[in-house]
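**Q** In case you want the letters, here they are:
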Amino acid sequence: MSRISRKLQKWTQEMLDLPQDLLFDLPRLTLIGNKELHIENHRGVRHFSADKLILSLTQGTMEITGSGLSIRAIQSSEVTVEGTINNIQYIGTGERP
Amino acid sequence: MNIPTMIFLRGYLKLTVRGEHVEAFINALAEAGTPVWDVRPTGTHSAEFKLLLNDFKGLRPLLKRTGCRSRILERHGLPFRALRLLKRKVFVVGVVMFFAILMALSSMVWNVSVEGNETIASEDILEVAKQEGVYPYQWIFRLKSLDKLSTNLTTRLPGTSWVGVERNGTSIRIQVVEASVPKKPELLSPRHLVSTSDAVITYIYAEKGVPKVQINSRVKKGDILISGILGDTENAKSVVAKGEVKGLVWHEYEIEVPLVKKRKIYTGEASKKSYLVLGNRAVQLWGYGDVPFEKHETLTIYDPLTWRSRALPIGWMTEKVMEVSESSQTVTEEEAKKEGLEGAYRDILAKYGSETRLVSQKILHDKKENGKVYMKVLFEVEETIAKELPIVYNQGE
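As they're listed, the protein sequences go chains L and S.
The first sequence lines up with residues 676 to 772 when you count with my numbering.
The second sequence lines up with residues 13 to 409 when you count with my numbering.
There could be a bad hint or two in this list.
[As the list claims (entries may be wrong)] With the Cβ distance kept under 10 Å, some of the chain S side facing chain L (calculated, not the full set):
1. Ala-36
2. Ile-38
3. Leu-41
4. Gly-45
5. Gly-55
6. Ser-125
These are calculated hints, taken from the structure and not from any lab test.
The structure displayed is predicted, hence computed values, not measured ones.
Cβ atoms here follow ideal geometry from the backbone N, Cα and C, with glycine treated the same way.
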């Protein structure tokens, strides 16, 4: 993505007040207590075990730690995680848009 | 949330996958759009999940590509249950038998009923219907067409003008319309016609039988007018005598007519009294006070409470006190006489039939006494005097 188009996108977003996840493919998380997590706009599962789930994003990865994790349902860009969620962490998304 | 609908009906499997790249396999599943749910890691290189039976076939290329192996842990849903049931031979035979018996029983005639017959016995109609193939426990598909049955039954059953056959499920209804047969003449025993009273014959007409009297002849009560025995004493035959005989008859009447007539007239004024009846006691509730009328009549209406046509001992009674005024009317002696004669004539007409004709009337004696007119009148009337008398054989030896 070229620098000019990125600036244009940011400008449109600011002018039209659009949600960021639509324009920049950012993940949208819906967390219900610490029991259920719904993630949109992911890019696949990197690692999956009972206490750790690593999802790849457009930029970097997201690490979810907890206990008794399981995937309730998975589609190409959406995933619903069940279990006890302790920690949600972004890794490698250092670049500022 | 994202679990497919009707998973029980479509059938689903619980699988376990083992391999180096289980995550890659899950990604591949998500890419392919195969709905999976309840994905649970069981170890570092294995996971178990559920998916629909239909999607199981598409799983092999994905497994090959990602180098994983799968094993079926559990099978759920209707397709597997049906398969298990089909393995039980007797059960399958039972299901098939059930439907077969149901079909067989519903394609049988169970009930034949006959309607509309009055003189022809139902058994006869059923017998004829049986010969035509309509009887209980007969197969419905072996029946002839209903129109044909109808015409066949009509021709085979004498005394019917139309027979209709109607099938309603497993019951057959035969409707019969009977031909109307002319009425047979009434049977009568041989008889004479005899006189009802002393008379002089004025008219005689014998339709059947031998006339024994002529016009202007005198008869006594009980005399034979038209004989029911034909022929002489050797070749006698008794018949039902029939005919019409009229004669002059005398009736004596004693008449008394009052000269002053009293008449009661309701004036229309009335007062009401209402009672509540308990058992055989009545408690007056309304209408207290003296009756304001000089002369009155009381009309009592009792209306008990009823329960299913049974009267209860509780009820309501109303008394209607109606005012009456009396008027008296004086008639002349002539008018009183005329009225008395008319009354007597009406009495004769009522007693001896409307064909009676008044020939003459004669006032034998009259007097006026105690405000009344007393008369003795002789009426001479022409009336029917014939009466049937059965002929009895071997009466005495």
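**Q** Have a go at the Ile-38/S hint: is there a Cβ in chain L nearer than 10 Å to its own Cβ?
**A** 5 Å, holds
**Q** Go through the hint on Leu-41/S and say holds or violated, using the shortest Cβ distance to chain L against 10 Å.
**A** 7 Å, holds
**Q** Does Ala-36/S pass the interface hint, meaning its C-beta sits closer than 10 Å to a C-beta of chain L?
**A** Holds - the Cβ of Ala-36/S comes within 10 Å of chain L, reaching about 8 Å at its closest.
**Q** Quick check on Ser-125/S please, does its C-beta sit within 10 Å of some C-beta on chain L?
**A** 64 Å, violated
**Q** Quick check on the hint: Gly-55/S CB to chain L CB, less than 10 Å?
**A** 8 Å, holds
**Q** Quick check on Gly-45/S please, does its C-beta sit within 10 Å of some C-beta on chain L?
**A** 7 Å, holds
Checked against the numbered hints given earlier, the structure breaks only hint 6 and satisfies all the rest.
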